[in-house]
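Residue numbers (our numbering), protein chains in the order written: chain A, 1 to 313; chain B, 1 to 306.
Worth flagging that the hints you see were computed from the coordinates, not collected in a lab. Glycine included, every Cβ here is placed at the ideal spot set by N, Cα and C. There's no promise every hint is true.
[Claimed, not checked] These stretches of chain B come out as covered by chain A in the derived footprint (C-beta under 8 Å, 3 or more residues):
1) 201-212
2) 253-264
[Stated by the list, open to error] In silico SDA-like pairs for lysine to any residue, Cα to Cα no more than 20 Å straight-line:
3) 151/B / 156/A
4) 176/B / 154/B
5) 151/B / 23/A
[Claimed, not checked] For each label pair, taking beta carbons as the anchor points, the in silico distance ranges come out as:
6) 298/A / 92/B: 34 to 40 Å
7) 197/B / 219/A: 28 to 34 Å
8) 92/B / 17/A: 39 to 45 Å
9) 36/A / 69/B: 47 to 53 Å
10) 161/A / 107/B: 14 to 20 Å
11) 193/B / 266/A: 21 to 27 Å
12) 197/B / 59/A: 56 to 62 Å
13) 197/B / 44/A: 24 to 30 Å
14) 250/A / 130/B: 16 to 22 Å
15) 30/A / 226/B: 49 to 55 Å
16) 11/A / 107/B: 25 to 31 Å
17) 37/A / 107/B: 56 to 62 Å
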Amino acid sequence: MARPRLRISDRVGDRLLLSATGLASAIAVLLLVLIAWQVFKGSGTAFHKFGFGFLTGTTWKPNFNQYGAGTLLFGTFVTGVFALFLAAPIGIAIGLYLSLMAPPRVRAIIGPVVEMLAAIPSVIIGFWGILVLAPFLVKHAEPQLHSTVGFIPLFGLPQTNGASMFAAGLILTIMVIPIVASISRDLFDTVPRELQEGASALGATRWEMIRGVMLPTTASGLAATSFLGLGRALGEAIAVTQVIGAGTKINTSLYETGDTLASRLANQFQNATDQLQTSSLFYLGALLLIIGLGSNLLAQWIGRRFAVQKAHA
Amino acid sequence: MTILDPEFDPIMEPSRPAAPARSAGERYRIQTVDRPARTASHGQPTPTTPVVRESVFKVEQLAISYGSKTAVQGVTMGIDRNRITAIIGPSGCGKTTFLRSLNRMHDGIPGLRVDGHIYYHGHDLYGSGVDRVEVRRRIGMVFQKPNPFPKSIYDNVAWAPRNLGLRSGLDDRVEKALRGAALWDEVKDRLKDSALGLSGGQQQRLCIARAIAIEPDVLLLDEPASALDPIATASIEELVRTLKAKFTIVIVTHNMQQAARLADRTAFFGLDNERIGTLIEYDETDKIFTNPADTRTEDYVTGRFV
Ligand SMILES: Nc1ncnc2c1ncn2[C@@H]1O[C@H](COP(=O)(O)OP(=O)(O)OP(=O)(O)O)[C@@H](O)[C@H]1O
Ligand SMILES: [Mg+2]
Chain A
1 MARPRLRISD RVGDRLLLSA TGLASAIAVL LLVLIAWQVF KGSGTAFHKF GFGFLTGTTW
61 KPNFNQYGAG TLLFGTFVTG VFALFLAAPI GIAIGLYLSL MAPPRVRAII GPVVEMLAAI
121 PSVIIGFWGI LVLAPFLVKH AEPQLHSTVG FIPLFGLPQT NGASMFAAGL ILTIMVIPIV
181 ASISRDLFDT VPRELQEGAS ALGATRWEMI RGVMLPTTAS GLAATSFLGL GRALGEAIAV
241 TQVIGAGTKI NTSLYETGDT LASRLANQFQ NATDQLQTSS LFYLGALLLI IGLGSNLLAQ
301 WIGRRFAVQK AHA
Chain B
1 MTILDPEFDP IMEPSRPAAP ARSAGERYRI QTVDRPARTA SHGQPTPTTP VVRESVFKVE
61 QLAISYGSKT AVQGVTMGID RNRITAIIGP SGCGKTTFLR SLNRMHDGIP GLRVDGHIYY
121 HGHDLYGSGV DRVEVRRRIG MVFQKPNPFP KSIYDNVAWA PRNLGLRSGL DDRVEKALRG
181 AALWDEVKDR LKDSALGLSG GQQQRLCIAR AIAIEPDVLL LDEPASALDP IATASIEELV
241 RTLKAKFTIV IVTHNMQQAA RLADRTAFFG LDNERIGTLI EYDETDKIFT NPADTRTEDY
301 VTGRFV
């Protein structure tokens, strides 16, 4: 008699679990759809007025009812790519060090510290950026770079106060590194010990082992991680606002001010004066949403595509 | 008797000389392939005329500990060139631990300590200035569980030669290694396929091919057939027997028949009265299996071990 009763309660528990988890997932999906819908609806007026010309327009003059996202798309792209190209190799190197080379005690200290870096509120990183990093850059790093690689237009003449796309890119790099580092460390930890030993038993140096075994077996994960980091960089608003200088022009030199979608949005939404400005800001939000979801989907796609390839290769 | 040019010290040499990598690889190959001593040690020993054999390894009072736990101690033995030496013994008596010390696979394991001496062709394997990468290049290892890389069959075999800069004639080298591992006929039409698609026995032979592709001097095999079915096991055994002509082989096995069938000499490891692994008896395989000197060996080989 006792057994069937137990079974029934088990079954009820199972159902409960199923509906609770199912509900949570449904809410997540619903939320995503709802937010997207709101954002797209909000941008209706601006879309009606500017159409896709909004993407290439480079003027943003609330007083003249003129809005375009070109400068902001450019700034978002430049700072995001800058951060990705710097943060991915550094983060992967940290991951390799922690997973393969660090003595256990060092690993036990550095690992959590790197993760804590990700926990620093972005407003504080931005604060540090404007007080410490930007002045340092403009006084020391930028002149140095300009005099050595100044023939590359990216490294033009240093400007006065240090607020620049360069500073913003570096701030984003700092924010992306911990993400890439901790995920890539976990990825490297999943590479079977037997494979590593198999490589070293063949007289491979550590670098040969890393290049021939560790990186290829984790390549898809590393790429996906990098795009996840890129998504984070593209969406970051506060810290970027603090150091990028709210520029209004497209400049080739990284030392000039600029602005990003997220930063402009955060900067102006509170003080939007009329419906068209609000709607234009929503339009920026919609673009940001598309780019963010896009990079996320790309990350997932890379992860899946290469996982499939590996199984079939 | 030494086979090595006295001018050339393979282990003390820096692993990556400034000279082009290929010349290093070619020199390496010459050193390990041309073996004037090979035929000399090939004659069948007869009871009346003891053959003086060349030792590849001389192990003296070896003790290995993981932190405060000693896994093996008091091991003193020589390992003959171009013969098969089997290591048998109950689980946990330190066979794997011992085998891995022969090519310094323990390096980098935290807390691990190796005391005593291992001489490889007269060189102290753990002496200062010995490059462990070079050691492993000459002393290959095949593990209990097949561990092919998630690459193509071809790339699995070609990977280590490429690292050594042996790029010319790579196809021939891969073919030779696969033939050497008795795998060529089975895979020659799908060299570009993933190695992970092979059966367990094929994967293990691929791992052997991978190891012999860089023409090592010694092959260390840790229970290479324990994860395989009887047919795959038989083919591995057959393969090991043919490899003896070219390589010195040390094989750990749990399978007593396998040791009796394959090995020229057999080392029996057991636990001493401190319950630490040690070498109990080491002799010609015939002697170990028919007329062992130690009762513990006798108990073990006759299945009376508890
Ligand atoms: N990484 C390690 N850390 C601590 N102790 C270890 C480690 N590896 C092995 N040992 C210990 O060393 C002793 C010998 O282990 P080893 O693996 O060499 O035995 P074995 O003879 O190969 O056994 P088996 O026949 O089961 O493979 C055992 O007591 C084992 O618990
Ligand atoms: Mg073992």
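Hint check results:
Requiring three or more residues with a Cβ within less than 8 Å of a Cβ of chain A, the coverage given for the stretch 201-212 of chain B holds, as 3 such residues are present. Remark: the stretch 253-264 of chain B is not confirmed as covered by chain A, as 0 of its residues place a Cβ nearer than 8 Å to a Cβ of that chain, below the required three. Between the alpha carbons of residue 151/B and residue 156/A the distance comes to roughly 46 Å, so the proposed pair goes past 20 Å and is violated. Proposed proximity of residue 176/B and residue 154/B is supported: the alpha carbons are some 12 Å apart, at most 20 Å.
The straight-line distance between the Cα atoms of residue 151/B and residue 23/A is roughly 42 Å, outside the 20 Å bound, and the hint therefore fails. The given range of 34 to 40 Å is broken by residue 298/A and residue 92/B, whose C-beta atoms sit roughly 50 Å from each other. Separation of residue 197/B from residue 219/A is about 20 Å and departs from the stated range, judged on CB atoms against 28 to 34 Å. In this structure the supplied range 39 to 45 Å holds for residue 92/B paired with residue 17/A, their Cβ-Cβ distance being about 43 Å.
Separation of residue 36/A from residue 69/B is about 59 Å and departs from the stated range, judged on CB atoms against 47 to 53 Å. The given range of 14 to 20 Å is broken by residue 161/A and residue 107/B, whose C-beta atoms sit roughly 53 Å from each other. For the pair residue 193/B and residue 266/A, the beta carbons lie near 53 Å from each other, so the given range of 21 to 27 Å is not met. Distance hint check for residue 197/B and residue 59/A: the Cβ-Cβ separation is about 59 Å, which falls inside the suggested range of 56 to 62 Å.
Take residue 197/B and residue 44/A: their Cβ atoms lie about 54 Å apart, and the range 24 to 30 Å is violated. For the pair residue 250/A and residue 130/B, the supplied restraint of 16 to 22 Å is violated, since their beta-carbon distance comes to about 60 Å. The supplied range of 49 to 55 Å is met by residue 30/A and residue 226/B, whose beta-carbon atoms lie about 54 Å from each other. For the pair residue 11/A and residue 107/B, the beta carbons lie near 55 Å from each other, so the given range of 25 to 31 Å is not met.
The given range of 56 to 62 Å is respected by residue 37/A and residue 107/B, whose C-beta atoms sit roughly 60 Å from each other.
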